Amino acid sequence: MNEMQLFNFDNQDIRVLEKDGEPWFVGNEIAQILGYSNYRNAVQNHVEPEDKLSTQIEYAGQNRNMTLINESGMYSLVLSSKLESAKRFKRWVTSEVLPQIRKTGVYTSNSMELALQAALDHERKINAIEEDVDYLKNNMRIDSLQQLEIQQTAKQSIAHALGGKESVAYKEISKKAFVAFWNEFKQYFKVPRYGDLPKMKMDEAIRFIELWRPSTTLQMEIDNCNRQMEFN
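In terms of our numbering, the sequence shown opens at residue 1 and continues consecutively.
Treat the hints with care, as some may be off.
To be verified - Listed next, with one range per pair, are the computed distances between beta-carbon atoms: (1) Lys165 with Gln44: 58 to 66 angstroms; (2) Lys125 with Gly61: 41 to 49 angstroms; (3) Gly35 with Lys190: 34 to 42 angstroms; (4) Tyr188 with Asp10: 47 to 55 angstroms.
Said to hold, decoys possible - With a Cα cut of at most 27 angstroms, we get these calculated DSS-like pairs of lysine-lysine: (5) Lys155 with Lys175; (6) Lys52 with Lys19; (7) Lys165 with Lys199; (8) Lys186 with Lys199; (9) Lys87 with Lys19; (10) Lys176 with Lys190; (11) Lys155 with Lys125; (12) Lys155 with Lys199; (13) Lys175 with Lys201; (14) Lys165 with Lys175; (15) Lys186 with Lys176; (16) Lys186 with Lys155.
For the record, the hints were derived by calculation from the structure and aren't laboratory data. Since this is a predicted model, take the numbers as computed values, not measurements. Virtual Cβ for every residue (Gly too), placed ideally from N, Cα, C.
Could you build all of it, start to finish, from the sequences and the hints given here?
Okay, here's the thing in structure tokens:
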């Protein structure tokens, strides 16, 4: 490991070491400048294993274990940073730090472009995976057990609204009540059939069923039917 070079960005020191013609940055320092609250986790979660290494660096008269990241690792942290200054930091590194290192080292000019391209490709892959996961969450349909749960819960709710399975209303107009319920259910969730309900809507569907009440017109019919039992 060659002699360390010291740079300053917005009054914050950045130490850069050159190894085999390649610049290595102190990971925690880069993460701090880019606004990560947990420096160690930032380096661990956003930098690939091949883009970092642990080594001892003399600091304040003592040898301390530190994690260094190469240029590709630095770009990974830049791309994941939410700070507006991240782009300005990247420009500063590419326009000031790396040219200064090249004056005394053998760092090749196309390494920067290759490292940035690799980091961008990695970021695109991560974004594509996240989009696939979101799509599955939003579009995956309920399974057979969940369909059965909805069906049974709906039967109980409708039977209760009719006055129970032994009521006159249940015997005479239960079919009408079931049709009314399922029409409202499908209209609310915008599905052609309850089996097409997205998994992410399952809890909401159960809540809908538990809160369902017949319309005023249907409730009047239920009441009229059940009064027959009182007169008989």
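Numbered hints the structure breaks, given as an ascending list
7, 11
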